Amino acid sequence: MASEGLSVHSFFTAGPGQEQYLLLGTVEVTPKKLKLSVTGKERFKAGKKVLEKNLGTAIRHRVDSIESLDSRLSKGTGRQPKAQEIEPEVERQILEDMHDEHFRRWLDMRIPALGNKTPRETSKTEEGRKELEDLLRVLEHNERLKKEKGKPEYDVSWIRKELGMEKG
1 MASEGLSVHS
11 FFTAGPGQEQ
21 YLLLGTVEVT
31 PKKLKLSVTG
41 KERFKAGKKV
51 LEKNLGTAIR
61 HRVDSIESLD
71 SRLSKGTGRQ
81 PKAQEIEPEV
91 ERQILEDMHD
101 EHFRRWLDMR
111 IPALGNKTPR
121 ETSKTEEGRK
131 ELEDLLRVLE
141 HNERLKKEKG
151 KPEYDVSWIR
161 KELGMEKG
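Numbering (the numbering used here), first residue to last: 1 to 168.
Treat the hints with caution; some may be incorrect.
[Unchecked claim] Distance condition first, Cα-Cα at most 16 angstroms in a straight line; then the derived EDC-like pairs of lysine to aspartate or glutamate: (1) K151 x E91; (2) K117 x E131; (3) K167 x E133; (4) K161 x E148; (5) K49 x E67; (6) K33 x D64; (7) K147 x E89; (8) K124 x E91; (9) K161 x D100; (10) K149 x E131; (11) K41 x E67; (12) K124 x D108; (13) K35 x D64; (14) K167 x E148; (15) K117 x E133; (16) K151 x E140; (17) K147 x E91; (18) K124 x E166.
Read the hints as simulated data drawn from the structure, not as lab findings.
Only a predicted model underlies this, so the values are computations on that prediction, with no experimental measurement involved.
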């Protein structure tokens, strides 16, 4: 069955391995439409900026709309529609590309769990490597859990290699 669309949800967590507890937004992509759904004007503004930066001329803005919570709830349960199924290989490739991009940026992001240092900076000291090892183990554990649940697993071994922290 050919895929007709994709829905991506962004959640906030307290850190790797922590429970997802706040939906930041949803991007729904179909052959003719891209829809960004968020709660709050600031998230909407930030989401539009990310889409424009990353998709540039590949998309054309048509309309902004705001819907109150009361209006949304009066239409039914207020739940987001379920994403349509996509082919497993397409899903795997999309997720892999997203993870690649995220973790390439992550290597140079200031991480609160690492004392607001980047993973690259943290990997340069013995104490930092211990802190980073904990984060990498959580990341690897989460990917194993995905595999056990039959979901696409992301190979994080390149991150260890990039940081000079390969397992011996």
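For the pair supplied as a hint, K117 and E133, is the alpha-carbon distance within the 16 angstroms limit? holds, 14 angstroms
Hint consistency between K49 and E67 [alpha-carbon to alpha-carbon, up to 16 angstroms]: violated, 20 angstroms
Run the distance test for K124 versus E91: straight-line Cα separation, threshold 16 angstroms. Distance of about 36 angstroms is beyond 16 angstroms: violated.
Given hint E89 paired with K147 - CA-CA distance at most 16 angstroms: holds, 15 angstroms
Mind checking the alpha carbons of K117 and E131 for me, to see if they're no more than 16 angstroms apart? The hint holds at about 11 angstroms.
Given the hinted pair K124 and E166, is their Cα-Cα distance within 16 angstroms? Given that 16 angstroms is the threshold and the Cα spacing comes to 14 angstroms, the pair holds.
Do the alpha carbons of K124 and D108 lie within 16 angstroms of each other, as the hint requires? Cα-Cα ~13 angstroms, so holds.
Proposed proximity, D100 with K161 (alpha carbon, max 16 angstroms): Roughly 14 angstroms between the alpha carbons, so the hint for K161 and D100 holds.
Going straight from one Cα to the other, do K151 and E91 come out at no more than 16 angstroms? Given pair K151, E91 holds - Cα atoms ~10 angstroms apart, limit 16 angstroms.
Between K35 and D64, does the CA-CA distance stay at or below 16 angstroms? Distance of about 10 angstroms is within 16 angstroms: holds.
Is K149 within 16 angstroms of E131, Cα to Cα? violated, 28 angstroms
Straight-line alpha-carbon gap K41 to E67, limit 16 angstroms: holds, 11 angstroms
When held up to the earlier numbered hints, the structure conflicts with 4, 5, 8, 10 and 14 and fits the remainder.
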